[in-house]
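Engineer: Residues per chain, in single letters:
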Amino acid sequence: MKRADLEQKLYASKQIYTQTPIPTQLTERMHQTLQTHALQNQKPNRAETEQSKDKQEKTRLEKRKVIGMKQWNWKKTTGIVAACAVLAFTAGLNLSPTFAEDMQNNTVIGGISKVLTFRSYDFADGDKQISADIPQVETEGNGYTKDINEEILRIVTDYETQANADIAAYKDAFLATGGTEEEFEAKNIQVDVDYEVKSENDSYLSLVLTAYENWSNAYTVQYFYNINLKDDTEITLKDLLGEDYIQIANEQIQAQIAADDSGLYFDQEMGGFTTITDDTNFYINAAGNPVIVFAQYEIAAGAAGSPEFEIVRPQ
Amino acid sequence: MQETRKEALTTYVIENQEKFYRLAFSYVRDQQTAMDVVQDAVVKALEHIADLREMAYLRTWFYRILVNESLAHWNKMKREVLWEPEQMKTVLDTAQTMEEGGSEMYTAVMHLPPEMKTVVILRYYEDMTLQEIAQVTGASLSKVKYRLYTGLKKLRGLYEKEVAR
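Chains as they are written, first to last, in my numbering: chain A, -5 to 309; chain B, 2 to 166.
Keep in mind that a hint or two might mislead.
Straight line, CA to CA, 25 Å or less: simulated PhoX-like cross-link-like pairs of lysine-lysine [unchecked claim]:
1) LYS155(B) to LYS(-4)(A)
2) LYS108(A) to LYS224(A)
3) LYS108(A) to LYS8(A)
4) LYS140(A) to LYS232(A)
5) LYS140(A) to LYS224(A)
6) LYS154(B) to LYS(-4)(A)
7) LYS20(B) to LYS146(B)
8) LYS8(A) to LYS144(B)
9) LYS144(B) to LYS155(B)
10) LYS77(B) to LYS45(B)
11) LYS154(B) to LYS144(B)
12) LYS192(A) to LYS232(A)
13) LYS108(A) to LYS162(B)
14) LYS(-4)(A) to LYS144(B)
15) LYS20(B) to LYS224(A)
16) LYS232(A) to LYS20(B)
17) LYS108(A) to LYS140(A)
18) LYS181(A) to LYS192(A)
19) LYS8(A) to LYS45(B)
20) LYS(-4)(A) to LYS77(B)
21) LYS146(B) to LYS(-4)(A)
22) LYS192(A) to LYS224(A)
23) LYS192(A) to LYS140(A)
24) LYS45(B) to LYS20(B)
25) LYS20(B) to LYS77(B)
26) LYS45(B) to LYS181(A)
27) LYS8(A) to LYS162(B)
Simulated from the structure, these hints should not be mistaken for laboratory data.
Just chain A, same shape as in the assembly (with noise of 0.2 Å):
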């Protein structure tokens, strides 16, 4: 069959396509939808900010590249995923300037860990619960541990401060549109920062910092850190796998999806996983083999949460 003569019947089944029945109570339920939407919802303050946020986003994703952090690659991620997950430049929360405060040893097996909580904190006010556990990396020098360090004051502080400003807006649109102090009070928002020690010993420490607002998925955030502490260094999946290590990690991903059954993972065609890259996220497992993540939507359906793969080390 030649290529018109399939387009030909191509527009053919078009007909049946656009006969498909339409249940009556489509048009019901659409105006239900938006009916109730249209009562919990509004959030007029927000359009103000919205202008400005492209820009911001921009400087931030420049000033990440220029330290070199890692951080999902938004572009991957769903458009609506991409778009909400931007954490603006404004001034900070009052973040205590001295080490000292609320220091405390955060101890793991086998030592004293080099990761202390700087600040921890719980804080509500009706609207919102706010719980942070923000890490530190103790250090004495000036190299990848204390960029590490200020990228994670950073981060956090201007997480908070938009999660402050998306939720305060977010309850203006909900009042100004009918609801009820309590009914939002009911909606229990919280914010959440925290990290994990993914493994540490003398010479190596991973670690990641989360941050998440539970009324949004589009809202999370993950920053992965894996520092050499003999030099201070940011360590690569090229140091742990060695020079081939694209194609090492590549094809154990490779054979961990292949040997899956959940049928989450989409294949080439759906955008599914083709390659690691220099940006990919990982960290440290405590058999020291590096765990690779990848992002919510990154790869696989949703339902799959952000699929996790442990690249063996070539002996």
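Keeping the supplied structure of chain A fixed, place chain B upon it in accordance with the hints.
Structural biologist: Using the frame of chain A, we list chain B on its own:
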């Protein structure tokens, strides 16, 4: 400004709900689920309308949400449900084709793998340009072309199988 955007979206949804439903149905093949998909997509769009940078992109932006919702639901159910001949029949029985081969081709399109199906439906049923399809699917233009190309190739095989039945 926000209000105007919401109004524009609302109007757009009301005017095009049947189109949305058709697209959703072609993935999930179930009336209730297809309505769920459209509803979820509309709610998401309303919640995130502030993130749409230019209203000129409303259509491709909304279709992107809709296609993603459809695929998410389809992924959830594809293990259990295959397209039953009966479901196909309800569509085919109500439809009247003027031209030969239309129903076989429709069946063939419905059987395409989702990513090719998306490109073919948007191109031939929703009359989108390849550029628009790239915006909807988030794939590069060359990737869209490639998917369309492989989709048509595959379609040829499926169609011939359908005619032979």
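Engineer: Against the earlier hints, flag every one the structure doesn't satisfy and list their numbers going up.
Structural biologist: Of the numbered hints given earlier, those the structure breaks are 3, 13, 15, 16, 18, 19, 20, listed in rising order.
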